[in-house]
Amino acid sequence: MHRYQGVAAVSYEILLKTQLAHKETLFEVSAPEIAAKALPGQFLIVIPRAGGERVPLTICGYDAEQGTVSFAFHEVGKTTKELGTFEKGDCLYNVTGPLGNPSEIKNYGRVLCVGGSIMIAPLLLQSKALKAAGNHVTTVLGCRSKDFLFMVDDAKACSDEVLIASDDGSIGEKGMEFLDELLNKERYDRCVVMGPVVMMKKVSEITKPYGIPTVVTLTPIMIDGMGMCGVCRVTVDGKMLFGCVDGPEFDGHKTDFDELIKRQRTMLPEERLSSILWETSGGCDCERQ
Amino acid sequence: MPKQEPEDRVKNFREVALGYTEEMAHEEANRCLQCKNPQCRKGCPVDVPIPDFIKCITEGNYADGISVIKTKNALPAVCGRVCPQEEQCQKMCILGKKGNPISIGRLERYLADWEREHGVHVPERAPSTGKKVAVIGAGPAGLTVAADLVKLGHDVTLFEALHVAGGVLIYGIPEFRLPKDIVQKEVEYVQKLGVDLRLGNLIGRIHTIPELMESGYDAVFIGSGAGLPQWTGCPGENLGGIYSANEFLIRVNLMKAYDFPQKDTPIRVGKHVVVIGGGNVAMDCARISMRLGATVCLNYRRSRKELPARQEEIENAEEEGLICRFLNAPLEFYGDDKGWVRAMRCTEMELCEPDASGRQSCRIIPETDFTMDADTVIVAIGQTPNPIIQRTTAGLETNPRNGTIIIDDEGRTNVKGVFAGGDVATGAATVISAMGAGRRAAQAMHDYLTNQEPKEGSS
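Just so you know, the protein sequences line up as chains A and B, in that order. Counting with this note's numbering, you get residues 1 to 289 for the letters of the first sequence. Counting with this note's numbering, you get residues 1001 to 1459 for the letters of the second sequence.
Chain A on its own, in the form it takes in the complex (with noise of 0.2 Å):
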């Protein structure tokens, strides 16, 4: 049991930590409440422990019925460093969720989903959902380089086809502009693209010429995740929106790419001490459970 005082008999329990590959990690954590409730594109803020901060991370899977919710991680920063050193049967010290709107989830006919990195995990939870409602489903897994690349199976399982692209090339196709090459051949009524910033403004870049509805998962710096803060907020179609409370999902061909590039940037020099600290320090977990 974590040990924070004042709250109801909720105990965030993970119980099953998946390594998808060297530094990106997957858990299955204990939340019944909102394992109810979770749909595809929402996302979690996970305290790691207390004192920590609240880290937003998109739902990657749920079950109502286990009372199980999941969520995966790139090791870039000192709490997802930290949160890597968890194990099965550690206890974090808050989840909240399920917050974000859900996707839009509906027949569209032939749905190109494209995704980056560790958001692959989060992109496979659509990829299933738009093949059950009766699409035709291309999902694309982008990576670094090969050995950054998982879940192809899973990827496999969801899809009706899977392509598979690396920024090297040293597996698949090289770069995402094969896209362009996919996009003459075949008709695509949706596209659905989660990963890093630059990848979506790629993608939707791609997409747009061939009006293409496209909608990307912004994931841009937050704290409260619930609307009260501001941090979130990204310009779309010339307005001011709040990741979110008005996402996180945005039409990929009216985002302000560049804005929120330079909005995620805002802190790194904070973040690369905090990174820093933490491994000089050991990763010291002493005040963990």
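Mixed in with the good hints there might be a few duds.
As the list claims (entries may be wrong) - 27 Å max Cα-Cα, derived BS3-like pairs, lysine-lysine:
id, chain 1, residue 1, chain 2, residue 2
1, A, K81, B, K1256
2, A, K262, B, K1003
3, B, K1416, A, K37
4, A, K254, A, K201
5, A, K262, B, K1256
6, B, K1003, B, K1091
7, B, K1091, A, K37
8, B, K1263, A, K81
9, B, K1338, A, K254
10, B, K1263, A, K88
11, B, K1256, A, K201
12, A, K262, B, K1271
13, B, K1091, A, K262
Think of the hints as simulated: they come from the structure by calculation, not from any bench.
Once you've looked at the hints, dock chain B against the given chain A.
Frame of chain A; chain B shown alone:
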């Protein structure tokens, strides 16, 4: 009351006002005239029997004194610190006519602090009524409603979206005005009364209000506050270094970013901070920024006379080095090549005729643009209610202009069994007015619950 000296306090986050000693409390309490028809009590939004608790202090009977307060106010340590007493109880004090009213807030604080040191007494609950109530939001309004209803024998669940209870008392008001361990003690008191607190539960997402009603709650109180920040709408507002007051306050107060990197959530404040606004929130942001080492300029579009912040807070801030610049408004923000704010263009303003509410409006004086350096800007021009509950509760009547929930004098919404109060109904106001609204709603809810037919199948 003794305070930390300005040159010391501007370097730390410890409480500014140090509180009365016992001698000081007695001296102050002895000045009270014990009026037969106490005006001070009429000025208190939650009707605290003020002369009675002051009398207890003169008799050295502190335990009774705090019990007297708690018959009406579940959060005295908070109210003794952040209530605008000069506008309420103290404004009505007869001694005030001669310029020196009783320091009611400081005496209230004295008793609350005395109790914290000597052990908290928990009053008995009325026998169970078998009725279940959901209270949404563990801020001043929600805590008041929860405390009142649980004492009356109802079964109360308090849902809080954040991972810590207290609402604006935790995320909004800084440590140096209201220490967080004091808020936590007040929250623990409400729990000790028997309230079931659920943290990290965003109502509207994890459960909607219709779902709560279906699952067996007989009544719901919405006290979710006004947390959605307002913006200037000026070009460049999404540059790095431009914070909403809420972001700034949440980082510093709730997540303790002033202690970064010991705490994980960072804050970046440059050398020249501009705070836009003139309320207590603006003042808090300014005083935090000074404690983080910046030179701070407060830009307010009206004149000093119209500053809505408490006089005491303005004085504190100015003692600490705040520069005020009146009658100006922002027009545009300029960034550097990394997308961080570096300057802002403003215009001068002039006051014009009072509007319908009696408040002087103001207008731009053409061609008076000027530019000032700013590497951090904090926008503190108000908040509106968060839209999640309104969007997920079919038929709930709200004001289309600002999203506040429409209620009657007793806190009833147009949906049967659903009540609301505090900032979500009035727009951003004070802690004590939210508590007053909570008190009225709790009474109306109690009437509703006790006159209600028992639900089939409920115990």
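Hints the structure fails to honour: 2, 7, 11 and 13
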